[in-house]
Amino acid sequence: MGVTTSTSSCRCAPPPERTATPGPPAVIHQIQLHNIRSWTHGTVALGSGPQLLWGANGAGKTTLLEACIIAATGRSHRASALREVVARGADAARLTVTVGDEEVADPLAQSTLAVEIPAHGRTQTLLNGTPRRPAALMERIKVAVFVPEETGLVVGAPAVRRALIDRVATQWHPGYEQSLTRYERALKQRNRLLKDALEADGATRRTLALEMRPWTEMLVATGAEIVEGRLALLMALDAPLAEAHREVAPSEGTIAMRYTSRENYDPSAPREKIATMLTQAFADTAETEGYQGHTLVGPHRDDATFFVGGNNLAATASRGQQRSLLLALLFAEIALLTDRAGRPPILLLDDAFSELDPSRRDRLVERLKHLPQTLITATSPDDLAPNLVAAATAIEIINTDEGSEAKR
Amino acid sequence: MGASPLPSSVERLIEALSRLPGVGPRTAERLAFHLLRTPIVDAKALAGAITTMRDTTRPCVECGHVADQERCWICRDEGRDAGLLCVVEEALDLVAIERTGAYRGRYHVLNGTLSPMAGIGPGQLRMRELFERVAAATAAGTPIREVIIATNPSPEGDVTLLYLQERLGDSVAAVTSMARGLPFGADLQYADAVTILRSLEERRGVE
Ligand SMILES: [Zn+2]
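In order, the protein sequence lines correspond to chains A and B. Residue numbers for the first sequence follow my numbering, beginning at 1 and rising by one. Residue numbers for the second sequence follow my numbering, beginning at 1 and rising by one.
A portion of the hints provided could be inaccurate.
Unchecked claim - The following residues of chain A were derived to be distant from chain B, with all beta-carbon distances above 10 Å:
1) T112
2) G121
3) Q178
4) Q189
5) L193
To be verified - Computed from the model, here is a short list of chain A residues facing chain B with C-beta under 7 Å:
6) R182
7) E184
8) R185
9) R343
10) P344
11) G403
Keep in mind that the hints were calculated from the coordinates and are not lab data. Quick reminder that beta carbons are idealized off the backbone N, C-alpha and C, glycines included.
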């Protein structure tokens, strides 16, 4: 190629197992929300240890967790586009998450991570008031997450599994979020082109085919970055997941999580090899996608499969096995992010305890004792184990005429 | 909904302002009310400046830059290297490069990037003009030696770069793009991981 672009292939090694730099600050001191969902304007101060955010359904508890996820990953687990979180009628939403060391109250030791989301236009990320790339924010906050959206992880749609992989990969591999954002954008553009071609006459279609080529190249380049990142992540998750699963469900058999795709990549395939396979896949499907009017191959179609004792869990999993897996994955996620950052992540549990049975609940309570901060949502403190409630700071979230607010 | 609480002339201005990029309905209201309270001479000067700007400027027939004559001042400047052409998305990008004072070639303004979702294909950009310019220079015996494609590093900018690279192909001796990575003067320790990663990916040999 005569031109060097940011889509050129990389000859760099995969990320190291551990970064040498000090980890992100340990806890969130404050969350500020402005025109996000039910929050008109609100500030919630948080301490270390378990933070119990309780209130009626629709009070705005989950939005607090969503804000932390957006700051840590650049996307929301409840919205396909960030602008969906902007309160009705508002020009823009703004969230600010202040993070700092667990014990230090010095404001200079704190970072404010702000995300401004206009109803129309480009999202802006700011670190300590200065516009920076999303990656600059993500380096300062890591979150491990349990959300009801993921309870159907084993038997649900592939999108649920991709969302989980993407969320962890984004926090584990610098550059992953950027590749994903570029890929998703190029995919939308290319699908529009395919749709235009479907409705066009012969001559126009030939011009559009010429225009298609660079979009395909872009999808191959960014798609290979994504697949490489996902394969590396699954490989890194292997041991911590098996270990966590043995602890949670010693009698169920060995767990394995495998990447599944049309291309059937070798788990250790380098990026160049993945790109070659993707190029071939685009060539193979060019005719069919022409009829169907959308892109048929690429990481947005890939999936993951769970095996326990050699059996595909999707076919055989009981409710209990699924819960074991969810809990084991959460523990593995904590282990992996701790290893990456040199400090444990902040744990976000959205309505988690109602999803788990008593023995797995106890394990989770035991685990979060060793974490610097956990944000827990529940409709009432009565839903949680008394020993957890006793150790937690309870913050009531209510929805008034003025929007959501926090009551201590 | 009843009648609007505002005179229709105010409503019309709010509507017009809210179509400006980056201006939402609330901001448009604030701007309109600011203009209502501002001294009348200032408000009229603003309206006059908009009209005068539109009446006295046009795109340069050669490069597409904003000009007050048929050809812009850069295209008229005989001291400029006609063998070097820098392709930019917008005239504002040209302004940014000109501020450096270091570039002595000419420009070509595309007026955007490829974006199927926005309905922008090669035909909506000044691409045909670019190919014709390159061909005309070759035919005249003064071929363009190098085309620098200075699109932004967005997916759309990169795709436009790839498209132009392929289309220009053999008709130009060299097609190049801008280097990307660490901002000059930036400290490695203050750069985010992605910037460092991309800079590493695009590292080059030291001469
Ligand atoms: Zn000109």
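Need the list of violated hint numbers for this structure, in ascending order. The structure conflicts with hints 2, 3, 4, 5, 7, 9, 10, 11, although it agrees with all the remaining ones.
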